[in-house]
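Using the sequences and the hints, build the whole thing.
Below are the chains, spelled out letter by letter.
Protein chains: 2
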Amino acid sequence: MRTLRLDLADRSYGIHIGPGLLDQADLYRPHIRGRRVVVISDRQVAGLYGERVCAALADYQPLLLQFEPGEASKTLETYAVLADALIEGRFDRRVTLVALGGGVVGDMTGFLAATYQRGVDFIQVPTTLLAQVDSSVGGKTGINRPGGKNLLGAFHQPRCVLADTATLATLPRRELVAGLAEVIKYGLIADAEFLAWIERELPALLAGDDEALQRAIYRSCEIKAQIVAADERESGQRALLNLGHTFGHAIEAATGYGAWLHGEAVGLGMLMAAGLSARLGRLPANDVARVAALLERAGLPTRLPADIATDTLLGFMAGDKKVLDGQLRLVALDAIGRGVIVSGVPLQVLAEVIDATRAGAA
Amino acid sequence: MRTLRLDLADRSYGIHIGPGLLDQADLYRPHIRGRRVVVISDRQVAGLYGERVCAALADYQPLLLQFEPGEASKTLETYAVLADALIEGRFDRRVTLVALGGGVVGDMTGFLAATYQRGVDFIQVPTTLLAQVDSSVGGKTGINRPGGKNLLGAFHQPRCVLADTATLATLPRRELVAGLAEVIKYGLIADAEFLAWIERELPALLAGDDEALQRAIYRSCEIKAQIVAADERESGQRALLNLGHTFGHAIEAATGYGAWLHGEAVGLGMLMAAGLSARLGRLPANDVARVAALLERAGLPTRLPADIATDTLLGFMAGDKKVLDGQLRLVALDAIGRGVIVSGVPLQVLAEVIDATRAGAA
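Quick note, the sequences are listed as chains A and B, same order. Quick note: the first sequence uses the numbering used here, first residue 1, plus one each step. Quick note: the second sequence uses the numbering used here, first residue 363, plus one each step.
No lab work stands behind these hints: they were computed from the structure. These figures come from a predicted structure and were not determined experimentally. Where is the CB? At the ideal position from N, CA and C, for every residue including glycine. Be careful, since some hints might not be right.
Residues from chain A shown here face chain B by an in silico Cβ test under 10 Å; the list is partial [what the hints assert, rightly or not]: (1) A83; (2) R118; (3) G142.
Far from chain A, some chain B residues (derived; all Cβ distances over 12 Å) [what the hints assert, rightly or not]: (4) M363; (5) T365; (6) W559; (7) E561; (8) A668; (9) E714.
Set out below in structure tokens:
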């Protein structure tokens, strides 16, 4: 087991990474303040691991709540159902929620924890690579509205994160690959050596090699923890973590949430960000090709479907949270391993980037 | 105009009290960081003051959103409608929300501000006495669920509070009286001299005398600010502010939200808390009579309706947020001007207090 700490202004918490962590009672115990625990999961993950987690938490009379898997569940309606179940069960402010699942479960449970009785504790037990390297770390929680993703939410840090790498063995390959997109992101924005390591170790990562995955998760979380510690509320550098996300969110919105996995959309979004960087004269064209080659080898999409119109995508991008007073802020690359925030990008340039990606030549 | 500051760990904000503040642009301007403002109100208050507030904020292209007045609007449904209006209008993270109205508007707008795009700024412009002395100060926001009041919410501090005492002139007398219940609360929990002042100045307060109201609001906010500054997240002493609230929330729930005003329910709840304190041997019986006499003179209810069963009320009390691990915590009085938190009160004693209040002899 590897452990790293995320140090914030008012407190810090541990991120534990390794196989078989999710039923180790001793990892939960120090972080539970009350007598009761509620485990929240989706039906699929609950079927795989719900019983083991509840058994580990038997001292806390765990209640297991489940909802339908998928991004389409990340709604106010699911939130209301879960909240009412807590109210019905008379759980008070000292309840600890355990988010057992992928990013949807973590975001939903985190938002519920942030707002149930004005805030209760929660523990993240991410069971997808994407959640282990990204959404479970850093305290962002949120739910979707018809107008866009994560438009309602809160910053609410978990008490600890248990990233059980053994759960990745049951993860569909497509989801593992989608998670790798975020791992690649950390290399691109912050660590060229890490990116080179990913390029070398890609076969092992795709084969589910536990040691390789542990290292990838550890370094990803380490980079994220450094950035989040410096900027918990995303007023500045934290925005670097959004590389590929403004494009990616627009792709998810344009294709209807759920058709593309978040990581897939972010992967293509990163390629578009690299293309943008080249058009802005910040990045050599061969680095764009390098990004495309890595995504391709990983099995991630590198082309925008022909039926997504440029204007549709631009419309969704303008509605993204990263707009500040009408100025679209985007993350670009000044080099492999060096992200940079740019604003005031002309719409025409964005349209060119989108068009080029559709043709498969960003 | 009187001004006091609420000092919190990471920032402080001003509470301005006086007649005619709501259209003073200079009071808003220092607290608006972006270019756009959204004023949120209920139809009634918007009809009275919406235009003036929007005129004062003309530089920020104000959008005015309104919902139906009353506690019944403090729902997830209203929240979704307001959130979607912000999304539709493409307001980004730098929008400032202005809560123009009573406690319902303030709680709803505050919760929306706490969660829209993971948190935006807001300004409180309370237009009821209750909101001016209580809900607009301290950062508690929330919405109701069928199972109880304010069960979903967040701590989110406003950038400033503008308590325009001139708005109290248009307040129905019943609401003014309900607000006085919270003013009386501050005297009871923290300042015997202030309580004596309220007893003396009650005729002026009921007559809407601006100077008397300003003093009452200032001292109430001052007491609240001291308590909140010491305990922003209600882990300890802040609970004193809940004097009468566990009983009161149960009365509101038992009568269906909206039949009783919050202040009316809290007023009777304070009398029950005083009765409880006497039964616990903490408060002389003549102090209970003194509380009853003041409430009576103010025109607040002092008897529980005959059709509210004791068990019904106890059931709602057990579901209240102040339950910690099954232990009901209540605020009692050790003297006039000295609140105290008690736990482990036998159910039998609570039942006796409820029964006695129903008979009108708490």
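Cross-check of the supplied hints:
{"no.": "1", "hint": "A83", "in the structure": "holds, 6 Å"}
{"no.": "2", "hint": "R118", "in the structure": "holds, 5 Å"}
{"no.": "3", "hint": "G142", "in the structure": "holds, 7 Å"}
{"no.": "4", "hint": "M363", "in the structure": "holds, 31 Å"}
{"no.": "5", "hint": "T365", "in the structure": "holds, 27 Å"}
{"no.": "6", "hint": "W559", "in the structure": "holds, 32 Å"}
{"no.": "7", "hint": "E561", "in the structure": "holds, 34 Å"}
{"no.": "8", "hint": "A668", "in the structure": "holds, 28 Å"}
{"no.": "9", "hint": "E714", "in the structure": "holds, 23 Å"}
In the structure shown, no violation is registered for any of the earlier numbered hints.
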